[in-house]
Structure formats: structure tokens, C-alpha cells
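Here the protein sequences come in this chain order: V and C. Residue 3 in the numbering used here is what sits at position 2 of the first sequence, and the numbering runs on without skipping anything. Residue 56 in the numbering used here is what sits at position 57 of the second sequence, and the numbering runs on without skipping anything.
Simulated from the structure, these hints should not be mistaken for lab results. A quick note: this is a predicted structure, and the numbers were derived from the prediction, not measured. Take the hints with a grain of salt, since some may be wrong.
List of simulated lysine-lysine pairs, DSSO-like, C-alpha gap at most 30 Å [unchecked claim]:
1. Lys39/V to Lys15/C
2. Lys145/C to Lys89/C
3. Lys146/C to Lys229/C
4. Lys145/C to Lys42/V
5. Lys145/C to Lys39/V
6. Lys145/C to Lys36/V
7. Lys40/V to Lys18/C
8. Lys18/C to Lys42/V
9. Lys36/V to Lys148/C
10. Lys89/C to Lys225/C
11. Lys152/C to Lys169/C
12. Lys82/C to Lys225/C
One letter stands for each residue in the lines below.
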Amino acid sequence: MMLNFLNMDGHGIFVWSAFIFTIINFVTLHFIISKNLKKEKIKFFSRYSIYKKDRAKYLPESKETVSVLKFAVKSKN
Amino acid sequence: MFTFFQSDKFLFFCLKYQKLIFYFFVSLLVLGLWEGLIVSPQDYVQGNSARIMYVHVPSAWISLGIFSVIGILSIFSFIFKIKNFLIICKSLAPSGLVFNLIALVTGSIWGKPTWGTWWAWDARITSMLILFLFYFIYLVSFSLFKKSKNLNKISSIIAILGLINIPIIKFSVEWWSTLHQPSSVKILSETSIHNSMLLPLLIMTASFALFSLLIFLMKYNTELIKLRNKRLDRL
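Just chain V, with the same shape it has in the complex:
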């Protein structure tokens, strides 16, 4: 029963390889994109922590600074 299902009347090798190829591509793409996202987030928070320490230097805050601050605070929640 199980072997018949896997074999699919001789077409199993084609069907399974097509589905497996699709899944492998999905997993690889998701892995690469999430790895890059994580890398950028880490970079952001390390830079942001340096900025936070010397925040007094950067006052008065521009529109850009406020946007960066808002992002850092909200994305940590």
C-alpha cells in the first residue's frame, strides 16, 4: 500500500523529486532571508546602543533620529 503510494505507477521518482525540489528551495530561501534579517537587526541594535550612550551629543534630535529611536523602542517590544 505504502510502496504503491510512493511508486505512483512508476511516476513516483518524478513526482517526489519535483515536490522535494520545491520544499528544499522554500527552506533555503527562507533560511537565507531570515539570516540576513537577523544580521541587519543585530547590526542595528549594536549601533543603536553606541548611539544611546552618547545620545546627549546628538541633541537636538532631527526627524531621522526620532524615526530611528521609535523603531528601536517599538521593535524591542
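Got chain V; can you put chain C on it based on the hints?
Frame of chain V; chain C shown alone:
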């Protein structure tokens, strides 16, 4: 809508709904695989090999759809110099490229038991290969012209040129005599595919669309954080 994409609201939307979209995608994919591999019947001519359709067709549809969006946004980006459209296009391209690759490879796998060959220089297949090359060149242009002021112009021109290929792909099976079969699923006229096969096809299409949305959100999020990193460097 454009202000929503530009604002922080979009970033928080990404962070909030990314997981939800992922779980929804996985459940639809499992349901689609169950329907496609177990529930749906064999094709009366092609037998079980027709099940490859459940990954091949949605991938082709989505890769065509994504490139159409990239092309249209690039026209606006080229004329009105909207930088945000460029970021949206850049974020859409990776999933489009992968879906195009899946369509080509699974089509080739399907070709062997059906036509007796892995590859044929048929109009539909060749035009899909050209689309893949356009996706590839489009993505490469971002790293090649990273520091160039003309990045927007160059990438937009590539996308607009690629857009010409979309109607060629769509109508290639009608304009030329090809090995590839004509469309079975039509929006404007009656579809020639039975409901028992149409249902898994639509479920798989929905799950693939959700996956491309998920990848788009993650990539767009990455690009926005990159911009913030640049701003922090400037502070």
C-alpha cells in the same frame, strides 16, 4: 497606501504578522500536499505524473505575477523617481526568481514522463528561461551598481524590458505550435480542469502566494533596517 509602506507602521506590521503568515502558509501547504498527493485523482492520460502540476503551475503563475508587479512599479519608479518602489521591487525579486526556477525545474521533470525529454526549445519553456535570466540580471544589477547614482534607472530599464516578455509567455502557446499544453485554468472562460484537481491547485497557489508574501515582508524589513543602519552611521 504609499505612506503606509514608507512609514514605521509597515515595519511594525511586518514584525507583528510575519509569524501569523508563516503558520497560515504552513497549514495551507500541508492541506495542499494532502489534497494534491492523496485525495486528488490521477489524470486519465498522464497518470500520477500530472500531480507535478500542483507545484509547477502555482510557481509559474506567481513568478509571472511578481515580475508583472516589478515591471509596473519600475515604470512608476522610472518616471516619478519613487525610491520606495525600488525597495519594494528589490524585495519581491528573490521569491520571484526562486518560483521561476521551481517552474523551470519541475516543468523539466514533468516533461520526461510526458514528452520523453527533459528539455525542448519550445516557445513557452524558452520564454520562461528568458524570464529567469531577467530576474537574475535584475537582482545582480543591485550589487553591481550598488554605489551608482543610476541604480534606479538601470534596474527599472531591466524590469521594463523584462515586462515585454510577460505577454509573450502568456500567449506563446497560442501564437506558436508548442509542446507545452494551452492553459486549462481560465479567468474569463470556462476552465477545462475538473474540480477535484482544481481545488488542490488553488490551495497550493494560495500557500505559495503566502510564502512569497512572507519572503517579501522579511526582505522589505531587512532593506528598511539597512536604511536605518545607514542613518545611524550618519548621526
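Cross-check of the supplied hints:
no. : hint                 : result
1   : Lys39/V to Lys15/C   : holds, 16 Å
2   : Lys145/C to Lys89/C  : holds, 12 Å
3   : Lys146/C to Lys229/C : holds, 13 Å
4   : Lys145/C to Lys42/V  : holds, 21 Å
5   : Lys145/C to Lys39/V  : holds, 21 Å
6   : Lys145/C to Lys36/V  : holds, 21 Å
7   : Lys40/V to Lys18/C   : holds, 18 Å
8   : Lys18/C to Lys42/V   : holds, 17 Å
9   : Lys36/V to Lys148/C  : holds, 28 Å
10  : Lys89/C to Lys225/C  : holds, 13 Å
11  : Lys152/C to Lys169/C : holds, 27 Å
12  : Lys82/C to Lys225/C  : holds, 14 Å
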